[in-house]
Amino acid sequence: MMFNEEFETLPRQALEALQLKRLQLMLERVYANVPFYRTAFDGAGIRPADIGSLQDLQRLPFTTKQNMRDSYPYGLFASPLEEIVRIHASSGTTGKPTVVGYTHRDIEMWSELMARSLAAAGANRGDIIHNAYGYGLFTGGLGAHYGAERLGASVIPISGGNTKRQIMIMQDFGSTILTCTPSYALFMAEEARSEGIDFRDLKLRVGIFGAEPWSEAMRTELEVKLNITALDIYGLSEIMGPGVAQECFQGKSGLHIWEDHFIPEIINPVTCEVMPEGTKGELVITTITKQGIPLVRYRTRDITSITYEPCVCGRTHARIARLSGRSDDMIIIRGVNVFPSQIESILVGIEGVEPHYMLIIDRQDNLDTLEVQVEVDEHLFSDEVKVLQTLSLKIEKTIKEVLGVTSKVKLVEPRTIQRSEGKATRVIDKRKLL
Amino acid sequence: MHVEQISIFIENKSGRLAEVTRILGEAGVNIRALSLADTSDFGILRLIVNDREKAKTFLKEKGFTVSKTDVVAVEVPDRPGGLSSILQTLDREKINVEYMYAFVERCGENAVIIFRFDETDKAIKALLANGFNVLEGERLYSM
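Protein sequence lines, in the order shown, are assigned to chains A and B.
Residue numbering for the first sequence follows our numbering, beginning at 1 and increasing consecutively.
Residue numbering for the second sequence follows our numbering, beginning at 1 and increasing consecutively.
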């Protein structure tokens, strides 16, 4: 079933004509309402009226996460706050989050695209959607929730955590669709097994997983352990939230990006050249219908490729490949975006800590773990155990407060952390994903 | 009356203690007393040695984090209740012991205990006033 068959199957020509019309309207709007874009377009010597084809999009400057940070909190909003009905935020690299605002119509649009995504994954009105994405500033919980309601399914807003209760509710309420991060789904499977619960006895049939990178191997594992069809969803708060792109259950090969609302491009992250179809590069998205905070050529930093090949499901919208990495140093730990520089500024902020550190990310019992190794120099060293232990706890506490991630600080001897020439290696990711 | 102790940060992994003692041995430094405080991740090795500067230089050269701490060495009568009498005095004077450990060698009929206090000078004063023998650093290093 398609949620909006007319638009989801729009012939390419009509789809592209619609994109151009919406793009032009959006550009006029940001040029008039957002000083940042007026300055950027003027600087590039382009007026919105100069954009006469989709090809012309390439002449426009990019928008980066740094631009969003510089405009903190509301600088890039194209609508007055009176029209903003919702504000979400994701973590930023300097402790300040990236803020996004939604008008009433944006929420409507988001709900529809999320409903389309759920339907593409095989959900329909009779389904009971167990939504274990976190509710809050993070877009995952509320995004999936509104989409499920729009679809007309029954949504259980369980959010994350309290795994035993999650499993009990899944059993008793007869949840048929699970939405959460793939690592949490695997963790649930392990918990259920240790409770003696067999997922084959549950009504669960589909899992829609996203918010962190995962692999085909994990898909197989999830499908076997949870006895479901596991599908990939993509989204990011800057662009909207979950539901920017969704894998269909028929094709299970690439995620349809809803092109009547977003224009995707793939660029070489170094040269910024636009890459041809099928080539791997950084995903750049232009939002063409969003009102609250429309973004022109936003650099997602996610690495993927794009295909316009027709899909077995009948949708005409392009597909992006499963994400295969980042073009910056962002790491995703339990669904939370973390930049090494955030940890660095926390360490600098704690008196006495010189930032010789290393982040070790691993996955134990299907949950991501973060170990922060900090070198103990003379400035930091105390010959009393309690002083060093207090220091470790303080760093752990601050990381938890600022980033919302649980970490384990390990104090190590000087010069034990590998020094590399040029850009320091700050992260060792031991998670086996691909 | 202060005794200079050196402290070394060591990670809790095999061979680190051996490495420290090897470096000191090669440098010709003699260990007079030692204590090791450990947690699951790291340990702090505290040493009284005959040549502090040499020990420090050699260990630092090999990349160890080394610091100096003032501690107090007190003679304790080598009989039941010997240590207790000192601790009772400290308790009365409200002096906090951060840590303590025993010296390897005896001083005549007495044992020697190394103390780290939160208030070193106040502790020395109290001990002397109560008739305990606080040892000079120089005597200890060459004992």
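Hints were generated in silico from the structure; no laboratory data involved.
It cannot be assumed that every hint is accurate.
Dumping the calculated DSS-like pairs for lysine-lysine here, alpha-carbon to alpha-carbon at most 25 Å [unchecked claim]:
(1) K408/A to K94/B
(2) K13/B to K56/B
(3) K54/B to K386/A
(4) K13/B to K430/A
(5) K394/A to K13/B
(6) K125/B to K56/B
(7) K68/B to K408/A
(8) K386/A to K397/A
(9) K410/A to K94/B
(10) K96/A to K400/A
(11) K68/B to K410/A
(12) K386/A to K408/A
(13) K386/A to K94/B
(14) K94/B to K21/A
(15) K410/A to K400/A
(16) K386/A to K60/B
(17) K410/A to K122/B
(18) K386/A to K122/B
*Between K410/A and K122/B, does the CA-CA distance stay at or below 25 Å?*
violated, 35 Å
_What's the verdict on K68/B and K410/A, does the C-alpha distance respect the 25 Å limit or exceed it?_
Distance ~23 Å between K68/B and K410/A Cα, so the pair holds.
*Pair hint K13/B and K430/A, alpha-carbon separation not exceeding 25 Å*: The hint holds at about 21 Å.
*asked:* Checking one constraint from the list: CA of K386/A to CA of K408/A, max 25 Å. Satisfied?
replied: holds, 17 Å
_Run the distance test for K386/A versus K397/A: straight-line Cα separation, threshold 25 Å._
holds, 16 Å
*For the pair supplied as a hint, K386/A and K94/B, confirm whether the alpha-carbon distance does not exceed 25 Å.*
Answer holds: K386/A to K94/B is near 20 Å, not above 25 Å.
*Would you mind confirming whether the straight-line C-alpha gap from K408/A to K94/B stays at or under 25 Å?*
violated, 36 Å
_25 Å Cα cutoff - pair K13/B, K56/B_ = With Cα atoms ~21 Å apart, K13/B and K56/B stay inside 25 Å; holds.
*Measure nothing beyond the straight line between the CA atoms of K410/A and K94/B; if it is 25 Å or shorter, mark the hint as holding.*
violated, 34 Å
*asked:* So if I understand the rule, the pair passes when the alpha-carbon distance is 25 Å or less; does K386/A with K60/B pass?
replied: holds, 23 Å
_Given the hinted pair K394/A and K13/B, is their Cα-Cα distance within 25 Å?_
holds, 24 Å
*Within a Cα-Cα threshold of 25 Å, do K96/A and K400/A meet the stated pairing?*
holds, 15 Å
In summary, the structure is inconsistent with hints 1, 3, 6, 7, 9, 14 and 17 from the numbered list given earlier, while agreeing with the others.
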